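Visitor: Each chain, letter by letter, is given below.
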Amino acid sequence: MSFPLLTATAVLPALGAIATAAVPAARRTAAKWLALIVSLATLVLAAVVLVRFDPDGDRYQLTESHAWIKDFGVRYELGVDGIAVAMIALTALLIPFIILAGWHDADPLETGSKRWRPTQGFFALILLVEAMVIISFEATDVFLFYIFFEAMLIPMYFLIGGFGDRAHEHGEAAASTQRSYAAVKFLLYNLVGGLIMLAAVIGLYVVAGNFSLTQIAEARANGTLDMATSTERWLFLGFFFAFAVKAPLWPLHTWLPNAMQESTAPVAVLITAVVDKVGTFAMLRFCLQLFPEASTWATPAILVLALISIIYGALLAVGQRDIKRLVAYASISHFGFIVLGIFAMTSQGQSGATLYMVNHGISTAALMLVAGFLISRRGSRLIADYGGVQKVAPVLAGTFLIGGLATLSLPGLAPFVSEFLVLVGTFARYPVIGIIATVGIVLAALYTLVLYQRTMTGPVKAEVEGMPDLRVRELVVVAPLIVLLIFLGVYPKPVTDIVNPAVKQTLSDVQKKDPQPEVEASK
Amino acid sequence: MNPVNYLYLAALLFTIGATGVLIRRNAIVVFMCVELMLNACNLALVAFSRMHGNLDGQIIAFFTMVVAAAEVVVGLAIIVSLFRSRHSASVDDASLMKL
Amino acid sequence: MENLIALLIAAPLLGAAVLLCGGRRLDAVGHWIGTVLAAASFVVGVVLFADMLGKDPENRAMHQFLFSWIPVGGFQADVAFQLDQLSMTFVLLITGVGSLIHVYSIGYMEHDERRRRFFGYLNLFLAAMLLLVLADNYLLLYVGWEGVGLASYLLIGFWQHKPSAATAAKKAFLVNRVGDVGLSIAIMLMFTTFGTFAFGPVLEATGEATEGKLTAIALMLLLAACGKSAQVPLQSWLGDAMEGPTPVSALIHAATMVTAGVYLIVRSADIFNAAPDAQLVTTVVGAVTLMFGAIVGCAKDDIKKALAGSTMSQIGYMVLAAGLGPIGYVFAIMHLVTHGFFKAGLFLGAGSVMHGMNDEVDMRKYGGLRTYMPITFITFGLGYLAIIGFPGLSGFFSKDKIIEAAFAKGGTEGWILGGVALLGAAITAFYMTRVMLMTFFGEERWRNQPTASPAEPDVEPAAAHHGAAASDHAAAATGEPHPHESPKVMTIPMIVLAVGSVFAGGFFSIGDRFIHWLEPVTDHAHGNPPISAGAVTASTVAVMVIGVGLAWLQYGRRPVPVVAPRGSLLTRAARRDLYQDDFNHVVLVRGGEHLTRSLVYVDHTLVDGVVNGTAAGMGGLSGRLRRVQNGYARSYAVSMFGGAAILIAATLLMRAV
Amino acid sequence: MTQQLAAYTTSTGEAFQFWVLGTVAVIGALCTVFMKRAVHSALCLAGTMIVLAVFYLANGAYFLGIVQIVVYTGAIMMLFLFVVMLVGVTAADSLKETIKGQRWLALLCGLGFGILLVAGIGNAALTEFNGLGQANSGGNVEGLAALIFTDYVFAFELTGALLITAAVGAMVLTHRERTERAKTQRELAEQRVREGKHLPPLPAPGVYARHNAVDIAGLLPDGTPSELTVSKTLRDRGQIRDVSTEALNDLKALEQRAEDRLERTNSGKSGEASK
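Protein chains in written order, with the numbering used here: chain E, 346 to 868; chain R, 0 to 98; chain U, 74 to 730; chain V, 220 to 494.
I should point out that these hints are in silico values taken from the structure, not numbers from a laboratory.
Since we're looking at a predicted model, the values are computed, not measured.
Hints may be right or wrong, so weigh each one.
When the alpha-carbon atoms are kept at most 30 Å apart in a straight line, the in silico DSS-like pairs for lysine-lysine are as follows [stated by the list, open to error]:
| id | chain 1 | residue 1 | chain 2 | residue 2 |
| --- | --- | --- | --- | --- |
| 1 | V | 471 | V | 255 |
| 2 | E | 858 | U | 286 |
| 3 | E | 736 | U | 235 |
| 4 | U | 235 | E | 857 |
| 5 | U | 286 | E | 806 |
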């Protein structure tokens, strides 16, 4: 048996989490370094996965399969396709930056205190989330996926509820109340989604007799597994609901602004750039493969929801007064684009959606982490409390602008490629929806530039005066992300090459073909 | 007279005892009411014994008495220790279950 | 030779990267790096031009394939360049004027502490603009298209600490974004219609598509052009864009970027040719804008805004010409090039005036400056003569041809369009004469006039930075300006541009050189106006003279009041950009604000409210239920007892049933 | 007699006995519930139990009848009385209900439950009475013994274990183990000083020579009673006799008598007061 590479990729951060948590209370810095090294090692493993993966090979590669709960046909089955590889790479890539950006976020409030303010816990939880997210991307057994899809909520709950911004306008007590509100809201929303999904998972087992994605999909494809139309639709809705909560799709989105607003910037990035991606990824992998007909059936409704998300999220982002909330609503808009791309059922749309997941992860990380640095300097999340930062901290403002430009999908930066692919893919099949979605482009420019104008330009506010520019650690976090944004904007081929074959197969699962150009069709 | 009347009497006594348990606050009286209910049961059992013509009903009543004795011993001990700590024998004072 | 094309873009891009990432240690040499790299790009352009001239006119186009950019299914976007005569014209204009303005900026921005960054942005702009004109497919063009938008955003908002500048920059970007949506929809339409969006295949395949599709594509392209070229209805950003430093206004908002829309239309000629309805709309847009810009230009007292109105109007001419089809494409581009020269020269002249006047922009506080800044006066004057179409100068040749072509459109449309173009020429002469008279002639109204006092918050801060001499600072403090000629580094580019304004038109027209040059790319058809070409020319000159005369009557003979009079209804409307901004403000800005605010409210109360309401309902219910759990053993006993009773009742009932 | 028991109906004597003693039992039960003082309740319950013992005997359960009297009435009820004394014999419960709706709910439930039971018994087909003639033929005690030690031996053993456990449990519950060393006199004194109260010994109870009982609070100079003078146990039980008004009345009477004897008039006193 070959080396279980996928298991190792997931287990390494999990072990790292345990080790980090076990570091003695006083050796806080050691814990940080340990977490960073583990995350970098995971990145190396993810890179190995990326290299070992052959885009033109089998659909699922590096597979592992062991019996787990025999009575219920639950197996420990792992395997990755191109989409999963891209997502694993994104996750492994972002975690070191998140750890580095949150370097001081969990430091004790009073210096010299030996009390175990959970510094170790913070980094251990981040690694734990990484492990669970990675295994969710790898699982090809529905039950196995479900377990980690849900288990992820536990460390996330503690990360949101336990660690907030250092300074808060209403004092620590109020902040703590709001934090726990946000954390509970996050938990409840996702638990409700998960519960409904659990029912659907059980229903799937009753219908199919096992949990294996590959087996069920194969049986569905060659007709040996027949589902009643209504059964398939109900099961699809059960799965989709959970993913739509996590993604989050309008109108199930309201947990995201609260969660992102109250958590520290790195955790907010963790939520929106990493954890939420499991939702959209799962739509692509589970909804479409397991229930192709129901997916086609639900497409119009989902497209409309996605469209509403795009425009609604963008409009609300314009109306926000809180930087983090603004980014959160912008993310809702972007998730609308991702869902739109997935359910447009064209190769451009789905490749674009996958690419979008990667690019959105990087661009939001860049924007949000810089916003976090900004907030940590002034101790306020309100846009109105800033002004003229560009004058005192030009590098900070510059990186913030690049993050913002990536968010508004400026050509030349990575998100443009994916957004345009999504739009083209949607337009090819649903022209009207494609055209309405372009309104999102204009609104994206509006909220980004308004944010930049109000915070960075204008006369220097008194509170902003003397604000230090980016420090070396912060620059180390931001610079690679920006380089990556530019690189993937100019040369996204490495990613599309990996993703394209997988998308092709997903499309053949739902028995869809790209629409032909009119000129050729008429020939 | 029909011996079924014994059963009616037992039912009446049981109900009175139960109502007493619910109404009274003095733990000792409550306890007495419980004893009353047990005795009512015993009466019914004895009547059943007579009805069926075997002694099993009496055996059960006997066991009931023994268990009641054990219960009284423990129960009174609880009342005494409760009284020691709270200086009251009212069951309402032992309301730690309240939020 | 083909491989040099990438170098055109690479040089300024490198400059931008080095200057923007280089940090403060490059402050001392940054402007030289930027200028040299811009000039290098120009040199490469000239080399390529020479190479191109040596080739057969039909085979001059060059292609360079770099790499496959976005390959997904049938969607194949490449990073590949195409250099044909049309692109070449633009390359030379962009790099040439761009280099001159780099040189000018060395002087203009001398005292700005962020000069390095300014040059970085300028280089970024050059790279993006070159990418725009060199791309061989619409998607790559789109990258350049948004790239110039970004550079424009950065440069308009260069003095970010001024809220007005930041707002103007944002507005420019947003309005352009609306246009960009048009371009992206056009690309999508091309993709679904033709399966590709590279210039070659698309333009060859136009014959196979339905006219409806082509009209849609053309209209979307026109929308994009309106955004970038400040055509009605997306023109509102250009006036505000004058918040940027003057060299920026000259390069981006006069000579190059704003003409990108014309480039787009001419580049997509085949599509427009096959969609007559779209062409008609294009001409209407052009005609409306040329009148709009001209009227606005008449009323503005801010010299840069007057010139901005003029730019709008001149681009209106170009769009009008482009909408005329093969009879107009060449003249649109020709006017574009000559306009590039004289308008850049005019803006640089305006910058030079402001430079000498403590950054005062109000022409009512100028007057009689010709003796104080002679070089500026002469170069500005030559540009002035060129733009009003003084016979023999650049503007005369190019504008006259457009008016002629407009008449040649034929039918009622031709008469209307030609008439509008002619009227526009008269108004052009009027407002340019007004600018000229108010600035360089008449009494010296700046005497004892505290110009743009430094205390005023939104004064161009360059006043503090590039006063050139300490005495200027003192003057700024006392308030009265001391007009003086600008340094050589600023005047030389002005002189070069003035030379261009004078001779370019004639050079192009002699022997129809320009027509022959561009013909292989754009097709040229000779238009036959219903009246003779000579008559058109004569009337053009006549209306020009009338315009100049009227302006002289108004502003030359009578003294110009320092405080603007109330003016007629039209004047007041023109001062406010014909209330177009007010319309935007009321309908879009206010409406948008209300919409977002109410949506925030809806999200909070309705969407979130459903969830929170459910939670609160649950909480309330459990609160009620909790009260039953009062902690008294007796009350639990009651429920037990009641429960037992109910159970017995149920058992009995079940047995009874 | 055994013949009679086997019969479907009972003798008139038993019927008379049932109706008379049954009434007594019900009254006793009601008194158990509604008497204010626990002692009275206990006595009433004892009465009911004795009646029940008679009924056992009448039903042929001779052994149980005797056990009922000896064990229940004799032992268990005495245990109750001991506890009642421990808690306070004289303490009367207030019968006022403190939990809202409890009483009505309880009465309703009781009534409903009773009706249901009666209905259930009425519905049941209890027409055949076999009588215990045959079962008791070998003697009641022997019959029980035979059953206990054969069929029910396991339950019997368990009951024995239960009894032992109960005994141990009662001891554990009531026994107080000192978990810490008892405070010495000195420490107690120091604690009092530290807390700053009751430095001197507590005052003695009783008022004058006439009320020299431990449950009577001593009077302060102004005539109000001081609870401090009464033992803590009595205080906790609420068994303090307040004689302050009595003492004041006595004092008044004493003064009156003294005035009468000294032949002072009320006017003189009021005149004094008006000064």
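Visitor: A separate judgement is required for each hint: does it hold in the structure or not?
Guide: Evaluation of the provided hints:
At most 30 Å may separate the alpha-carbon atoms for a hinted pair to count; residue 471 of chain V and residue 255 of chain V exceed this at roughly 36 Å. Restraint check for residue 858 of chain E and residue 286 of chain U: satisfied, since their Cα atoms lie roughly 23 Å apart, inside the 30 Å limit. The hinted pair formed by residue 736 of chain E and residue 235 of chain U meets the criterion: a straight-line CA distance of about 11 Å does not exceed 30 Å. The straight-line distance between the Cα atoms of residue 235 of chain U and residue 857 of chain E is roughly 54 Å, outside the 30 Å bound, and the hint therefore fails.
Between the alpha carbons of residue 286 of chain U and residue 806 of chain E the distance comes to roughly 53 Å, so the proposed pair goes past 30 Å and is violated.
Consistency note: the structure conflicts with the earlier hints numbered 1, 4, 5.
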